[in-house]
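Participant: Residues per chain are reported as follows:
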Amino acid sequence: MIQLKNLLYLKDLRKDEINQLLDLSDHYLNSKSSHEFENLLKNQSIASLFFEPSTRTSASFQVAAKRLGAETIIIDEKKSSATKGETVLDTIRNLEAMGVRAFIIRTGDKDLFRPLINDVGPDTHIISAGESSISHPTQGLLDLLTIRQAKGAFEDLKVIIMGDISHSRVARSLVEGLDIMNTRNITLISPEEFKPEMSFFPSASYEEDPNKGLSDADVIVTLRVQKERIESSESNLSLEQYSDEYQLSEDKLELCKPDAIVMHPGPINRGIEISDRVADGKQSVILKQVENGVAMRMAVLTQILN
Amino acid sequence: MIQLKNLLYLKDLRKDEINQLLDLSDHYLNSKSSHEFENLLKNQSIASLFFEPSTRTSASFQVAAKRLGAETIIIDEKKSSATKGETVLDTIRNLEAMGVRAFIIRTGDKDLFRPLINDVGPDTHIISAGESSISHPTQGLLDLLTIRQAKGAFEDLKVIIMGDISHSRVARSLVEGLDIMNTRNITLISPEEFKPEMSFFPSASYEEDPNKGLSDADVIVTLRVQKERIESSESNLSLEQYSDEYQLSEDKLELCKPDAIVMHPGPINRGIEISDRVADGKQSVILKQVENGVAMRMAVLTQILN
Amino acid sequence: MIQLKNLLYLKDLRKDEINQLLDLSDHYLNSKSSHEFENLLKNQSIASLFFEPSTRTSASFQVAAKRLGAETIIIDEKKSSATKGETVLDTIRNLEAMGVRAFIIRTGDKDLFRPLINDVGPDTHIISAGESSISHPTQGLLDLLTIRQAKGAFEDLKVIIMGDISHSRVARSLVEGLDIMNTRNITLISPEEFKPEMSFFPSASYEEDPNKGLSDADVIVTLRVQKERIESSESNLSLEQYSDEYQLSEDKLELCKPDAIVMHPGPINRGIEISDRVADGKQSVILKQVENGVAMRMAVLTQILN
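Protein chains in written order, with my numbering: chain S, -17 to 288; chain D, -17 to 288; chain F, -17 to 288.
Okay, chain S solo, but in the shape it has when bound (with noise of 0.2 Å):
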């Protein structure tokens, strides 16, 4: 078995470590009873450090971390010492002192996961829940589990993400792990506003038009566009325009292949950046990626703490 100490960047994985890690996910999916696992981490300490909201992520972390017999600390950020003026770093080297030895973060600061990980203890582990418009591993990897249970394979798929491509992590990471898993024929689809750096998706191409984007697509990651951003953005994009254009809708669903899958990483904008049809529609995976998530984020704590 491997051994990860972090987990911050799908890139940083190699493809035997991400196949391990969806072949135990499958097995935490298939396992007929729960006593196999359930004091697999007993006695450890995990803490969670949320710096912005989220609901589905933490919870499902929790599930996870619970589900193994670990104990959870989940520290309020709001409450907590940061409104005193110490360091993120000083709070988890308290939380080390503690006998916590392994911190799931979520933080919108570019420049917070590099230092720490030099900075912690040799037996302290730290993973991204996520990290600004960077990287949301976990994401990355369940997202790549939903792929795999639908596909059997990543080699010969298309893959289509569409939405607010620029600041969407969820991209980022799904991008890193395809190209380990040797998907080469991935097209992100926006308008102009929501295009990224390409140079941070070496392996994708850029479509602006979803009509031509979509057609014989295996698999649709939609992506949330926030409504403000449509709205305050310089070429004066209408939400109407917008939904009109780049929404999901059963049309456009109809340039894909008929098997396609449609996923996304939640919550969703119903009615903006995806029709409620194709949301729970018989090809959306949605809610069995939510399925995965715990089951990777089992899979994932297993790895790196047991």
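To be clear, the hints were calculated from the coordinates, so they are not data collected in a lab.
It is possible that some hints are incorrect.
Where chains are identical, the list cannot tell them apart; a pair therefore holds if satisfied intra-copy or between any two copies.
Taking lysine to any residue pairs in the SDA-like style, the calculated list, with each CA pair at most 25 Å apart, reads [what the hints assert, rightly or not]:
id, residue 1, residue 2
1, -7, 194
2, 270, 231
3, 14, 83
4, 24, 12
5, 177, 78
In this text the structure is predicted, and so the values were computed from the model without any measurement.
We have chain S; now place chains D and F onto it with these hints.
Facilitator: Then chains D and F, alone, in the frame of chain S:
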């Protein structure tokens, strides 16, 4: 054993279902050892979603769930995806996908529960922890338990509910429950300002004058009155006037039967709707209600999840 | 074994009681396996009520309670019934009725604890997690533990406390504890602005000049200084001046004995009351204090609840 799917309104229950819940609560209260039930809900996941503030109901459900060995997830709605525009249904579907089987929800929204119970999965359970001024079913059940413990039966009792009836979900649920248990003598006492729509209380009568209404009462349920509501009432009712006329004082308590019991759902506004001496006096069963609340919520969770 | 009912002030303890708590903490720290104590407080309910923000003390108590198998309930005072006008005593009585046996309370209110301990039930325990500028007993105890581990005994030590003494509950509790343990040489160092009412520290002397006070010290406890307090002080003390004169730097540390230990209750204001090099240097036992905090809180909970 009966099997409940959801718990939203006491009027949806039959008399035998209520009796089973009362019996099971008494059983939990009388158990010599917690070992008997500490694993009843092992590996079951329960989520709390409180969209209105709560200490006691939230803590009571938490304690009940933990005593049965369930895994509890507390969603802090201020940090949740609700702030990102996700619907409550989407939040619940996500938690369902993570394996959560029961949702304990408090809401001020009158239109949440009815559609919700049709939209969730067949194995998902919804438990109301308070709905606007409409329903508070576990409070109603713990009130019935407290009355049965003190009085043995419901049929021949005179029950008074006094205070701000018009905004009280506690009054609504208790009267629904008493109606099913065949209590025929129920009087609601309040100033004109807080008189409820009586069609919601078909089995009860209304009385503005406490001196008339309280005579020969067996059970007096005092209700919290918000200072702001008194002070903003159109008829210029003052806080002082309210306390003079409607506070359950020792004098007023003497109008009731000598063995009458005094109840209050909490939190208490001491010196407004109830005097210190009565709240802490020997006829008060207010803290017994709180103790019963944990046992009743254990009974509800068991009947729904086991 | 001694049995404590509450823990509010170190001055209420005897020397043998403190020694037992220190011995038990060391025992927990040296235990090879957590199995020995993981069920000591099984089925005991403990509630945390923090009316002031806290990361480390709150987390430390949580970890301690979990390691002993206790059930913990965290009351978020912002969402609590306090917002509905209920008294703290009523909140506690309600939690007592739910089966909670110990309350860990932090408050800025100097008039809360004394009446409270008389009003709660005979089986209910109150543990202070910090009271205004008056008392922080578990901090005092973990400081004594850290000193004993490094120095073996208390009698012949010279102990310095330096910083904002006048607002420090940490200083108060530590001096109470050192007094009981027969440390006779205690010096408080601060600028005139932060000189405390010396009647609260009958066994200690005061010195304004660090260069005089620090000589031959065995133990230096640095205290956090709030920037706002310095900047708003009447005598126009500047932050720069404060750091120049009162920061524990490597230069100042050389005035002390070569084997002196450096302590700080945290959270640290790096570069203000202590330099980075000293805080992270080899004489610093600051993180050892944090580790000791969990063990000491386990000892306190065990002595009170077991």
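Participant: Now, for every hint given, state plainly whether the structure supports it.
Facilitator: Hints versus structure:
In this assembly of identical chains, the alpha carbons of residue -7 and residue 194 never lie at most 25 Å apart, being 29 Å within a copy and 57 Å across copies at closest. In the homo-oligomer, the alpha carbons of residue 270 and residue 231 lie at most 25 Å apart inside one protomer (20 Å), although the nearest pairing across protomers, at 56 Å, exceeds that limit. For the homomeric pair residue 14 and residue 83, the shortest alpha-carbon distance between copies (17 Å) is at most 25 Å, but the shortest distance inside one copy (29 Å) is not. In this homomeric assembly, residue 24 and residue 12 come within 25 Å of each other (Cα to Cα) both inside a single copy, at 22 Å, and across copies, at 19 Å.
In this assembly of identical chains, residue 177 and residue 78 lie within 25 Å of each other by CA distance neither inside one copy nor across copies; the values are 41 Å within and 34 Å between.
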